[in-house]
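Spelled out from the first residue to the last, the chains are:
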Amino acid sequence: MSLAVDVTHRFGSFLLEARFVSEGRLTAFFGRSGSGKTSLVNIIAGVVRPDRGRIVLDDTPLVDTERGLFVPKYRRRVGYVFQEGRLFPHLTVRQNLLFGRWFTPARERHISLDQVLDLLDIGPLLDRRPGGLSGGEKQRVAIGRALLTSPRLLLMDEPLASLDDSRKEEILPFIERLRDQAQVPIVYVSHSLPEVARLATTVVVLQDGRIVATGSPTDVLGRADVIASDLAAEGGVLIEASVSGHDRAFGLTALLSRAGTFQAPHLDLPIGTPVRVRIRARDVMIATTRPDGLSALNVLSGVVRALDASGDGLIDVGLDCGGVRLAARLTRKSIAMLKLEPGREVYAVIKSVALDRETLGRAPTPVEPTSADASTSRA
Amino acid sequence: MNDLLNLSPDEWTAVRLSIRVATVAMFASLPVGIAVAYLLARTHFPGKSIVNGIVLLPLILPPVVTGYLLLLSFGRRGPIGAFLDQHFGIVFSFRWTGAALACAVMAFPLLVRSIRLSIEAVDRRLEDAAGTLGANPLWVFLFVTLPLILPGIIAGMILCFAKAMGEFGATITFVSNIPGETQTLPSAIYTLTQIPGGESGALRLTLVSIIISMGALLVSEFMARRVDERISA
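So the protein lines, in turn, are chains P and S. Take 1 as the starting number for the first sequence in the working numbering and just add one per residue. Take 1001 as the starting number for the second sequence in the working numbering and just add one per residue.
In case anyone wonders, no lab produced these hints; they're calculated from the structure. Do not take every clue at face value.
[Said to hold, decoys possible] Derived Cβ-Cβ restraints for the label pairs, each shown as a range:
no.: 1; chain 1: S; residue 1: Val1051; chain 2: P; residue 2: Ser216; range: 39 to 45 Å
no.: 2; chain 1: P; residue 1: Asp118; chain 2: S; residue 2: Met1214; range: 50 to 56 Å
no.: 3; chain 1: S; residue 1: Val1064; chain 2: P; residue 2: Gly131; range: 26 to 32 Å
no.: 4; chain 1: P; residue 1: Gly132; chain 2: S; residue 2: Val1064; range: 52 to 58 Å
no.: 5; chain 1: P; residue 1: Phe11; chain 2: S; residue 2: Arg1076; range: 55 to 61 Å
no.: 6; chain 1: S; residue 1: Ile1090; chain 2: P; residue 2: Ala106; range: 41 to 47 Å
no.: 7; chain 1: P; residue 1: Gly131; chain 2: S; residue 2: Ser1200; range: 38 to 44 Å
no.: 8; chain 1: S; residue 1: Ile1210; chain 2: P; residue 2: Gly131; range: 33 to 39 Å
no.: 9; chain 1: S; residue 1: Asn1136; chain 2: P; residue 2: Phe14; range: 55 to 61 Å
no.: 10; chain 1: S; residue 1: Arg1076; chain 2: P; residue 2: Gly132; range: 41 to 47 Å
no.: 11; chain 1: S; residue 1: His1087; chain 2: P; residue 2: Arg109; range: 47 to 53 Å
no.: 12; chain 1: S; residue 1: Arg1016; chain 2: P; residue 2: Trp102; range: 42 to 48 Å
no.: 13; chain 1: P; residue 1: Val212; chain 2: S; residue 2: His1044; range: 53 to 59 Å
[Stated by the list, open to error] Some but not every residue of chain S turned toward chain P, in silico, with C-beta under 10 Å:
no.: 14; residue: Trp1096
no.: 15; residue: Leu1133
no.: 16; residue: Gly1134
no.: 17; residue: Ala1135
no.: 18; residue: Asn1136
no.: 19; residue: Leu1142
no.: 20; residue: Val1227
[Said to hold, decoys possible] Here are some of the chain S residues that sit facing chain P, going by a computed Cβ distance under 7 Å:
no.: 21; residue: Val1122
no.: 22; residue: Arg1124
no.: 23; residue: Ala1129
no.: 24; residue: Gly1131
Ideal Cβ placement from N, Cα and C applies to all residues, glycine included.
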């Protein structure tokens, strides 16, 4: 799939100017609240008509203000999962799920109710009403309802924002499965760095109504300049790795990356599974000699690349570990004590417990072509 | 006591006529009421406040004035009445249909107001959601908006029915007080109070009025509660 957007729209005093092209399976709109993420998604869905611009999904233009083209939302076949679910209170879960399917032409339906119930694990809820569901259940039903329209694109606007951490953990694996199995390209809006790092294949960063960066998560999320200062504590790098072994006795899983092998708390994933590890700069220590008598299990050798002030008197030390970039956040005092400067050979030390569920996720796996894919995908 | 429950045939006629007039007034004005309420709640057009004023006018005007205006426009010689008579054979003046028209006009503001308030309370984001699921505006209205405003519609219908049961001034001015044709409950009670020995009949019909109104109120409460349970549960 490809999604090309070039729009300008004014909401009161807020000006949204967005231009990007994404071919990713999960494109994340990342930015803080008020940066224009939801407005942009509303424009793509057809809920808001932009002042000017073009939107093209695959080869189909959805909006072209120059030609006076505006495809209404009910003809776009774009699924939309809203932040607050927006289930219909007067219908049962089953009726909610099948609402959009009813409007989808029979020959374009390529996902069945059973598949959705299976994917999202919502079979037991069918005869209940939305009023009696928990937040996590509501969001799963909302995702199912959008999927059952067999959309050409699925928009998800902060679907986890209203949930607490354990409910988020309940839904994230479903979204990972959706990304890897459902063959529907996704646009995912979030202001949460951990979510974006875990899910995205392409990241579009918004700031004050403008797009400041577009690219792969490993490229974009490591850039300090695009991570807003209120997220600085989360700053770091994203590394692609794969499960290379399990140590049952100690409950550890080994992850192989180009930078070396990491020991992480046990992950219930088969050997060979690609994963993403987000290593926060604040979780990385630096030693000038290979440390001895240290509890941390992960010690990687590397070279200091650069020193960048990160504000608050802290310095982000950029490292190159076997071609993989790492960042370590240190105080000025540590820099002075260790006499760190570019070109110096050092060791990066990372505690295994820093690699928790918050920072680890399944990496997108290549989509295996299926019959459904062959018959519906034109990309 | 026995006397209070035994209605004379003439009194029964007035009761049946009143129920028929009120029912027809309620159902005939419902579609128009929903359309006008939707227009007022959701759209902006020049002259909207004038339309709103016209809809509410029967609430404020003396009923006799409304009745007289109906007589002028829908009477046999009135412009609308003459047109309907010549082209469709529909006659309102001095017929029970005229009584129903008068009741519908008098109750219209109550019907529209009730439905309009419930439309304004609908979460428009649910309608947007239905739109992204492929429903065009008509389906959105039928499958989302209409079920959500059902409590308001029921309340409006009951108000309309109750108002129609009690309508007196506009009815008697427009279609007079003909037993068996246009003599509704209030007209019959009024007539009975004007003749010697009519007190017991007036009292019987008053009792019937109270029972019907109370019954309508209870039915509306019951239905509104059931709809509410469906929507919020």
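Each hint tested on the structure:
Checked against the given bound of 39 to 45 Å, the beta carbons of valine 1051 of chain S and serine 216 of chain P, roughly 57 Å apart, lie outside it. The hint said 50 to 56 Å for the Cβ distance between aspartate 118 of chain P and methionine 1214 of chain S, and at roughly 54 Å that hint holds. For valine 1064 of chain S paired with glycine 131 of chain P, a C-beta distance near 49 Å fails the hint of 26 to 32 Å. Separation of glycine 132 of chain P from valine 1064 of chain S is about 54 Å and conforms to the stated range, judged on CB atoms against 52 to 58 Å.
At about 58 Å, the CB distance of phenylalanine 11 of chain P to arginine 1076 of chain S agrees with the hint of 55 to 61 Å. As the Cβ distance of isoleucine 1090 of chain S to alanine 106 of chain P is approximately 46 Å, the hint placing it in 41 to 47 Å holds. Roughly 53 Å separates the CB atoms of glycine 131 of chain P and serine 1200 of chain S, a value that falls outside the hinted 38 to 44 Å. For isoleucine 1210 of chain S and glycine 131 of chain P, the Cβ-Cβ distance of about 38 Å falls inside the hinted range of 33 to 39 Å, so the restraint holds.
Between asparagine 1136 of chain S and phenylalanine 14 of chain P the beta carbon distance is about 30 Å. The supplied range of 55 to 61 Å is therefore violated. Distance hint for arginine 1076 of chain S and glycine 132 of chain P: a CB-CB separation of about 60 Å, inconsistent with the stated range 41 to 47 Å. For histidine 1087 of chain S paired with arginine 109 of chain P, a C-beta distance near 50 Å keeps the hint of 47 to 53 Å intact. For the pair arginine 1016 of chain S and tryptophan 102 of chain P, the supplied restraint of 42 to 48 Å holds, since their beta-carbon distance comes to about 44 Å.
Taking 53 to 59 Å as the suggested C-beta distance range, the pair valine 212 of chain P and histidine 1044 of chain S does not conform, at roughly 38 Å. A distance limit of 10 Å between C-beta atoms decides the matter here; for tryptophan 1096 of chain S the minimum to chain P is near 38 Å, and the interface restraint is violated. Because the smallest distance between the Cβ of leucine 1133 of chain S and any Cβ of chain P comes to about 3 Å, under 10 Å, the interface hint for this residue holds. The criterion of a C-beta within 10 Å of any C-beta in chain P is met by glycine 1134 of chain S, whose closest approach is roughly 3 Å, and the hint holds.
The beta carbon of alanine 1135 of chain S is positioned within 10 Å of a beta carbon in chain P (closest approach about 6 Å), and the interface hint is therefore held. Interface restraint check for asparagine 1136 of chain S: the shortest CB-CB distance to chain P comes to about 5 Å, inside 10 Å, so the restraint holds. Given hint, leucine 1142 of chain S at the interface with chain P, is violated; its Cβ is 12 Å from that chain's nearest Cβ, farther than 10 Å. About 9 Å separates the beta-carbon of valine 1227 of chain S from the nearest beta-carbon of chain P, less than 10 Å, and the hint is met.
Below 7 Å, beta-carbon pairs count as interface contacts, and valine 1122 of chain S has none with chain P, the closest being about 11 Å; its hint is therefore violated. Checking arginine 1124 of chain S against chain P by beta carbon gives a least distance of about 10 Å; that is not within 7 Å, so the hint is violated. Contact between alanine 1129 of chain S and chain P, as hinted, is supported at the beta carbon level, the nearest pair being about 4 Å apart and thus within 7 Å. Among the interface hints, the one on glycine 1131 of chain S holds; its C-beta lies about 4 Å from the nearest C-beta in chain P, closer than the 7 Å criterion.
Hints 1, 3, 7, 9, 10, 13, 14, 19, 21, 22 from the earlier list are contradicted by this structure; the remaining hints agree with it.
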